[in-house]
Every structure is written in structure tokens, then in C-alpha cells.
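**Q** Throw the hints in and build the complete structure from the sequences for me.
Which chain is which? The protein sequence lines are L and W, in order. Here the first sequence is numbered in the working numbering, starting from 11 and rising by one per residue. Here the second sequence is numbered in the working numbering, starting from 616 and rising by one per residue.
It is possible that some hints are incorrect.
List of simulated lysine-lysine pairs, BS3-like, C-alpha gap at most 25 Å [unchecked claim]:
hint, chain 1, residue 1, chain 2, residue 2
1, L, LYS286, L, LYS391
2, W, LYS948, L, LYS305
3, W, LYS1008, L, LYS303
4, L, LYS305, W, LYS706
5, W, LYS819, W, LYS706
6, L, LYS303, W, LYS733
7, W, LYS981, W, LYS1000
8, W, LYS822, W, LYS833
9, W, LYS777, W, LYS760
10, W, LYS1000, L, LYS303
11, W, LYS760, L, LYS305
12, L, LYS336, W, LYS706
13, L, LYS336, W, LYS981
14, L, LYS288, L, LYS391
Partial chain L-side listing against chain W, Cβ under 8 Å, derived [stated by the list, open to error]:
hint, residue
15, GLY302
16, ASP310
17, TYR311
18, VAL317
19, THR318
20, HIS329
21, GLY335
Honestly, the hints are just simulated from the structure, not real lab data. Note that beta-carbon positions come from the ideal geometry of N, C-alpha and C, so glycine has one too.
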Amino acid sequence: MAAPCVFCGAAGFYRFFLGSRVPLAQRQGIWKAAAAAELQTGTRSQIVRLKHVTVVTTKKNVAASRHETYTADFIKKQLEEFNIGKRHLANMMGEDPETFTQEDIDRAVVYLFPSGLFEKRARPVMKHPDHIFPKQRAIQWGEDGRPFHFLFYTGKQSYYSLMHEAYGKLLDIEKRQNQLQAEGLDLEKTKTKDLIGSRWLIKEELEEMLVEKLSDQDYAQFIRLLERFSTLRCGAAEEEFVQRFRKSITIQSKKQLIEPLQYDDQGMAFSTSEGKRKSAKAEVVVYERGNGKIKVNGVDYLLYFPVTQDREQLMFPFHFLDRLGKHDMNCTVSGGGRSAQAGAIRLATAKALCSFVTEDEVEWMRQAGLLTTDPRVRERKKPGQEGARRKFTWKKR
Amino acid sequence: MRERSGTPNLHESVGTMLKGMARLISRVHKLDRGRFLHTGTRIPQSIAGHLDNQAPVESPRAISRTSESDPVKHGEQQEGQHYNIPHQDLKTVFPHGLPPRFLMQVKTFSEACLMVRKPALELLQYLKNTNFAHPAVRYILYGEKGTGKTLSLCHVVHFCAKQDWLILHIPDALRWVKNCRDLLQSTHNKQRLDQPLEASTWLKNFKTSNERFLSQIKVQEKYVWNKRESTEKGSPLGEVVEQGITRVRNATDAVGIVLKELKRQSSSGLFHVLVAVDGVNALWGRTTLRREDKSVIAPEELALIHNLRKMVKNDWNGGAIVLTLSQTGSLFKPRTAYLPQELLGKEGFDALDPFIPILVSNYSPKEFESCIQYYLENNWLQHEKAPTEEGRKELLFLSNANPGQLERLCAYL
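**A** Here you go:
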């Protein structure tokens, strides 16, 4: 069982390699691989021939496939194939088909089809059809040519129906409010807590939801309408309606890990952390009480970094927190050059100092950029150019 | 980050006024100088207070200057303070002794101030208690780069000059082992090589610093320079020096003769000899000089070095030998080497073996404060944050209390 499957995998792999930028071809291909495993009856050569046929056809229709409409039947068939393929994959990997999640699928695919491609989107992928095929509308009119939706002839039926619905709800709320005011039961309720920590959907997300193109003015109008809800008192149903169009955002700074303090033999508190910059790695131990002495790889920092610029980098975290002569530090650093090593130590120091300092100051450090690893690395040299960006000298003839 | 908001206009006007007054008064009243100037450069908030009470207040920070300009009287009290070297002394005692950066500072401030530091005080103590009957004691000043070895040596030289010793000051022995243009084969000894230019410059400076001795000391041998010129026995040393200066070809030999005579006659007791060599690790290292056939020259083959080695040996009495190691100009030695063993090598260490090592280290907090105070008094630090506590802490961190680094940092401020 293993041999044909592996070969299928290998044959399928070629397709991914040949596959153009259109994801369709690849996705279809891998399902074919899964489906072919299901066959198991045909000989290897037959399977191979089948594969090549599909490759040729999909490659020819590259331009057309962008506007290709997928019928509901087609999507259903893809879904069936996906599920069956998922079960087969689970079988191949020796796992339980019932509890095979999407992460397991991803891991299995990465294991079976190791790809050396840098672009993540070009690698083999096996996902639910909804993630792969863009959502498309079903046919909007019946056999007699009469459209289903009453707002079809506006052109943007889902948008206008949504606006209509929202406005209807607003009117309901106002009516209810007026009734309550007339009866004299006025209850104060603030709504601000719903709006903190979340944001409105952006235009692209709304378009995706409605499966319809919107213009900027439409979007702005819709958001303005929704914001009117926050001024009024609404019931649970209306709140749920509004929450459908809000997305929560986690505050960035809460992700900062604060190292716990450790205590050594004499009872002095110290904190360790690591930092990286380009290819330099540094590990730093900051002691709570000290004179301001710093040792790098066992050598005094004045001797290790003769250049003033590097020492300024070391000084930055302490100077920012106004703790210039108060901590002792011991660092080990390796790799990179002198500037990269200085930057790595700086990052590690800032992270270590987080544990001695209040949360506010941690936030200030993050905003100052002390706690961010510098993502810049050396850019690769490209063929046909002399360096990463520099082109060869242009000669007119 | 958090700046103290003073009253800038008031500070500027008052500050300039005070500084102007201070400049005028400093020429007249030496004694009050330290205190008055010091109160003038305090942080802005306290200026109003000080304007009111003009009575000199003993400030908690160290006073950076002392009025004792005679190194003979320097003691523990003046530790960390700067003393002024009078201009005449500068010309006579230090024609070639001071390092170039210090000379630039002297020119800028139009005064030469050296800080009195512990290693120098220790050395002065030893020198005051030298027993001239015993062989000359060797003292080696060693330390990290930029800690002040050369200036300590200059302090000692000034002291000995004031005490009327004969000073044999070689400012940088490393200059004799590299970048020499012309090497001549020595007339005296065929295997050795002469360095006429270096020798003649050194003789000129030696003459300026030791004028009065040159007529006193008499040569005890007859020296024949060439067919026509010779120096008779009993003629003053000055003649030998003149000969070396005028006839550049014989300059190296003249130097050799001077050293030999001084060594011989120092035990007589008429005068004391101080041999001060900066960068003594040049004598036992390697050279970058090559002969015409591209073969490397060893230090022994240079006549100047050979004679100097004989001088630095402690087989004479009636003086002292103070030496400094220097990594800065040294050849083929790693940057982090500063111990005598590393810089002198085995040969040099054995040759200098019974010596007293004196470690020169970075500034202590008191000395650092004093140095910053001195710069502030001379208006050298123009940055607004320089006189504040934060500024001092920054400077302390960046220079790690290393005098050389601090001086280079402050140059930009």
C-alpha cells in the first residue's frame, strides 16, 4: 500500500512544481492525488497518464479560470472529494480519520511533499473548498427569469438589504424608546464597553461577507448607520447584530513576556534574557543592585567595544529607564559583527530589564522600539545582478 | 527623556556674566579660583541662591584645582586635583615630553594642568625616599590603554626637574623602531645601524631641558669623531651634544657617549639622573625596519636601542629609572595586552626583572568628578546636559571612567 501511495505523492509533487500561479491547478491536483489513491485499481502508468492529461488542460485555461463560475454541484463534489481525501490521508499517516483536524492535514502534507519553495503560497496545500474557491453567488433568478430578491434591480442587492434591515432595527429601537419614555421607565445604560477592544470590519472584509463589490461611500454610509446603534439603548438581538460587524483586536503590548526574577546564592535578584540581531546572539544577566559594571564575554565592555557607537547602544536601555549606574551586567555574545553584537545585547538588556520595571515602563520601552527584534537581515544576492540591488553596469552597446 | 525645565534666559545671562567675571578674576586670585568658579557652574536652580550669598561655600563636590604648582609639595590632599604647570617649566622641562593630544589641550586652554593621581603620588613617595647609594630602582607604570601612564610619567619628570635632577626623557621609544627614513651603518660598530634624524632631534631636546648640567659635567675620555674632529678629555658634555647636533652623521654616537658618561658619573653624587622612557617595550620587541635587502632588523642592531638598553640596566647608582609600557604604538602585539609580561616578552621581562610595577587604572569617582569639573570650568563642555547629573552618568557610562576615552568623548561636546 505504501509504494503506490508514495508514487502518487511523487507524481502529484511534479504537478505542484509545474503549477502556475493559479492556485486552482495545484489544489485540484492534490485532490486528484488523494482521489487516485482511492482508486488503487489502475496500474501506475494509467494513473500517471491521467495526471498528465489534467495538467495540460488546466494549464491551457489559465486565463479563463479567473472568471470561472463554480456551480453548486461542483463545490459539493469538491467537498466530498476533500472529505474522502482527508480520510485517506489520515489512513496513510496512521491516524484516526475521525479526529483528523486541519492542522494535522497541514502537517501531513508538509511531511509528504517537502517543498523547497520560499513563497508559502506556492507550496502544496490541502484545504476545505470554502477556503480555496472564492465565494460566488448562486444564480439570482429562477427559471422564468424573475429574480428571487426584491432588491435585485438595485444592482447591490445584499448591501441594500443589509442597510434596510439595519435601519428597520433602528426604527424599532426608537419606537421602543419612545414607548418607554412615554411610560416613564428610563433606565440608563452605557454602551461603550462593546466598542473597546474591537474594530469595525474593513471594506474588504465586508465585501467578502456580502459577496458583492462596494464603493467607499457605501461602506462609509453603512458604518455611520451602525454607529447610530451605539447612541441608543438596544436589546440583546440588536447587539448581536452589531457585533457581527465588529472584530476584536488584542492589544499588542499584552503579548510581551516578562521574565520572572531569579535569586542567586547571596540573595541578589537577577534576570536573564536573550536577544538577536542579524546573525548575532546574545544572552544577558542583569543584576538588581550594582555599580554599572558590564562584562562582555568576560572582558570589560570598554575593551570589547572600542567604538563609542556600540557603547551608546549598550547605554540606551539603561538611559531610557534612568537606571544608568544601578545595575551590573554579565553578557555572552557570539556571531555577527560588532554592530550586530551591540544590537543583540541591547535587545537582551531591554528584555531583561522588563522584570525590574513597571508595566507602564515596559509599554514605553515597546513604543521606543527597544523590545522589538530587528527583522532586517542581509538580502540575498540575485542572479543577473551584482549584488542584492546593484545591477551590472549598463552598456549601451 | 524627562528634562528639567529651568529658566533658560536667566541661566544664560547669569551664567555668561559669572563666567566672564570668573575669567577676569582667575588671573588675579589663584586661591579663591576653585571655589568661585565652581559655584558659577552649578545647575540653573541654584544660581539665584548663589548670587545672594557670595561667601565661599564648601561645595560637596570635589574642587578640581589646587594652587600648588610645585610637584614637590604634592601630597594626599591634592589627590584628584589639577595643578598648573607654569609656562617656563613647559618649555624647559617638556620640550618633547608631552603626548600630542595633551599638547592640543594645552594650546586650547592656554594652560597646562595635570591631574594629581595616586600612582604618581606613590612614585613621588618612592623617589623622595630613594637611597642613592643603592643601584637605581626601576619602576614600571603599566595599565590599560588610555589610563594615564604617559601623563603620570610627565608628572614625575616635572617633580625631578624641580628637584634639580638631570632628566633623560625619551618621550616615545617606539618612534625609534618604526618608520625611520634613513639608516646608516654605524661608524663605531660595523654591525649596528644609526638613526641620525631621531638622534639629533633628541639631542636638541635634551639640550633644552638640561642646559645647566651640560657645562658642569666633564667628559672623561677622548672621543675621536673623524679625521678632523675630536673631543678632548675633560671638555664639557655640552660639546659632545653640540657635535651631535651639528654633525648629524655622528648624532647616534653622541647619544651613546652621553648615556655612557652619565651612567659613569652619576654615582659620583654631584647630580642625580632620572631615566624616563615611555614605551619601553620597544626595546625588546620587533621593529618594522628593514635593510635594503629586505631583511628584518632586530632591535639590538640599532645603536640607539642598544645604548638605551644599557642605560636601563640597573648596574649604576645615583638615580632612578621610571619606565612606561605602551600598547598603542607597539608592534605586533594584540590590542588587549597590557601586562608587563605580555608587552615586554620574555627577553624584556628578564632584562628588567627586579622592578616595581605600578598599576595605573581608570579614574575613581572622585577623579572623574574632578575631571568633568575642570572641563566645565574651561567651558569645554558646551552641551546643555553636560553639567547635569544625567549628563555625568552618561559620560561615565560611555567612557567607563577611562581618561583617554573621556577626553575623546568630551572633544565632541
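**Q** May I ask which of the numbered hints given earlier this structure violates, with the numbers listed in increasing order?
**A** Of the numbered hints given earlier, those the structure breaks are 4, 9, 12 and 18, listed in rising order.
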